[in-house]
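S.K.: Chain by chain, the residues:
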Amino acid sequence: MANLPLAVTSSALRPPRGLAARLDVPRRVTLIAAGLVVLLVGLLLAFIGWNGIQIFTATGASLTDVFAPIWSPSSTPARFGILPFVFGTLGVMVVAALIAAPLSIGLAIFMAEVAPPWARSITRPAMEVFVGIPSVVYGFLGLTILVPFLRDNFRGIGFTLGFSWFAGSLVLALMILPTIASIAYDTLITIPADLRSGSLALGTTRWQTIRHILLPAAKTGLLTAVILGMMRAAGEALAVQMVIGNRPTIPTSLTAPMTTLTSQITLDMGNTVSGEPWNQVLWTMGLVLLLMSFTFVVIVRALGRRASQP
Amino acid sequence: MIERNRRLSAVVVLAGLLAAACGSSATPSPASGGGASVAPPASGSVACATGSITAAGSTALQPLVDKAGKDYQAACAGSTINVQGGGSGTGLTQVSQGAVQIGNSDVTAESKNITGLVDHIVAKQGWVMVVNPDVTGVTNLTSAQATDIWTGKVSNWKDVGGNDEAIVLILRPESSGTRATFKKLVLGGAQEATGQALTEDSNGAVVTAVKGTPGSTSVIGFAYYQQNLGQVNALKLDGIEATVDNMKSGSYKLSAEGHMYTKGEADGLARSFLDYVLGPIVQGATIPSLFYAPVK
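Listed in order, the protein sequences are those of chains A and B. Numbering-wise, the first sequence is residues 187 to 496 according to the numbering used here. Numbering-wise, the second sequence is residues 5 to 300 according to the numbering used here.
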């Protein structure tokens, strides 16, 4: 035992001997698992990247052809402007985050700081159930309840159809609320109790402690929670597609229909043939989505680094 | 030691599965090229072949291919016919890549610049304009009126003889076979008013949207309309009602051929199944019962 480093023997008190020791199975298994993940991500990137640039390399479109505001792929000449979808994905996501962030952070504060144990024992499982509901259920509820509700009651302010940017954002907000709330909760409960005690000892109220001590201390974690929620929002296709109206133009107001990258990809992918420009531009849209999600990962990691610094 | 070996074997099994998964997607099903010679079917009987094939593509044709496939399998022990949707483009792509044996499509392979496929026209399928039931006074649209509505020139039902209500246009995606066919046959190629319309993914989603949205109109497959009678109202086109007979005779113009493509000449089970679809059982009974029109 003495001649082996401690790390190798950490999984078992009895050191492996002979063949097992030379093979070092646990290390290899975990290495293969890790390698597979990296390999799959790499292959995925290469595949989507290669397909995503075909519209430029094989068809000869320019960046300004693709990042243009007009989508009219079956007219002559065909126009493959994807800006309405990029705008749609960002727009529906940002508004969803604006709705969900205050609510979910409020919920997290309630659970971490205010709720008595019995209330916490209800809200925590309730939130987990929330996470597990399939997105098609949210979409179906949005389609059968929210869309007619908006159309029948708010026609006066512009919801003539019900299908709208706002409807998409509201459905998404509901979907990302538990994601943000649970990460925010985890952040809040890791704040050292000394901070709370010290603040309260100075005679502050609970609200003052939350407002001036806890929220600033948890700022980075809360921001990470919101961004992870936005990532989930950006990738969601089905629920949004059912309530957003799928109009491929840049909307002029929250009450107008619009569409997103994910929704347009699902609408067109089955009907286009691989190799035609129309199909190629769908891959480009997938690549854009992937790059957006990378941007979020980079932001989250940068925030994480900042948080770990003193 | 036993524990470790078990873990190692789990990894080996996993790697094997991965290899198998990659292998099976790359190689076409060996049964498809079975090459058993098949006699043409006599009236009322099925000339069976064995093996396994997959037919994928058009969702408009899917109910028909699905039913014919199930009937064929029931009649022929040892045959498996998998029927999948995915859209006409998917069907054409997959059959030309050899991933499936039959590709179903509403549109021709030529229109998508795909070569090397053999066309089998198996049925005529129709589409019908539908409106929300609160639209009154309109039971017929001429092609010219439909064009005015679909291009956004007319935006109130009162301008085509109906009640005073705004028209809500619901489209299928621009790549859809339904939309392309309607655009070609009724709109004369005119561009739809996309910026004033909603878009829904499938026949089912369109029925839901038309049913729920006052003043709305759209186009759905005739078979889907028949399944949703009473939920949405059908309109005549140029004074002619959508019926199987009118589609067969060609007097109802919003209908088109449904294609089942094979890569090269069909053989084995694919040949036998296509013969069955083109034979008297499917053409005479199955097709009309599903509200398609026979081609024979």
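These are calculated hints, taken from the structure and not from any lab test. Some hints could be false.
To be verified - Have a look at the derived ranges for each label pair, beta carbon to beta carbon:
1. V484(A) / D242(B): 34 to 42 angstroms
2. R213(A) / V122(B): 27 to 35 angstroms
3. R341(A) / I244(B): 47 to 55 angstroms
4. E314(A) / K215(B): 31 to 39 angstroms
5. G288(B) / L477(A): 54 to 62 angstroms
6. T119(B) / V227(A): 33 to 41 angstroms
7. T216(A) / S115(B): 49 to 57 angstroms
8. I319(A) / Q231(B): 48 to 56 angstroms
9. G268(B) / L209(A): 49 to 57 angstroms
10. G102(B) / I319(A): 54 to 62 angstroms
In this text, a Cβ means the ideal position worked out from N, Cα and C, and glycines have one as well.
S.K.: Next, verify each hint and record whether it holds.
M.R.: Hint by hint, here is what the structure shows:
no. : hint                                  : result
1   : V484(A) / D242(B): 34 to 42 angstroms : violated, 59 angstroms
2   : R213(A) / V122(B): 27 to 35 angstroms : violated, 55 angstroms
3   : R341(A) / I244(B): 47 to 55 angstroms : violated, 36 angstroms
4   : E314(A) / K215(B): 31 to 39 angstroms : holds, 35 angstroms
5   : G288(B) / L477(A): 54 to 62 angstroms : holds, 55 angstroms
6   : T119(B) / V227(A): 33 to 41 angstroms : holds, 36 angstroms
7   : T216(A) / S115(B): 49 to 57 angstroms : holds, 52 angstroms
8   : I319(A) / Q231(B): 48 to 56 angstroms : violated, 29 angstroms
9   : G268(B) / L209(A): 49 to 57 angstroms : holds, 50 angstroms
10  : G102(B) / I319(A): 54 to 62 angstroms : violated, 40 angstroms
Hint compliance for this structure: hints 1, 2, 3, 8, 10 are not met, and every other hint is.
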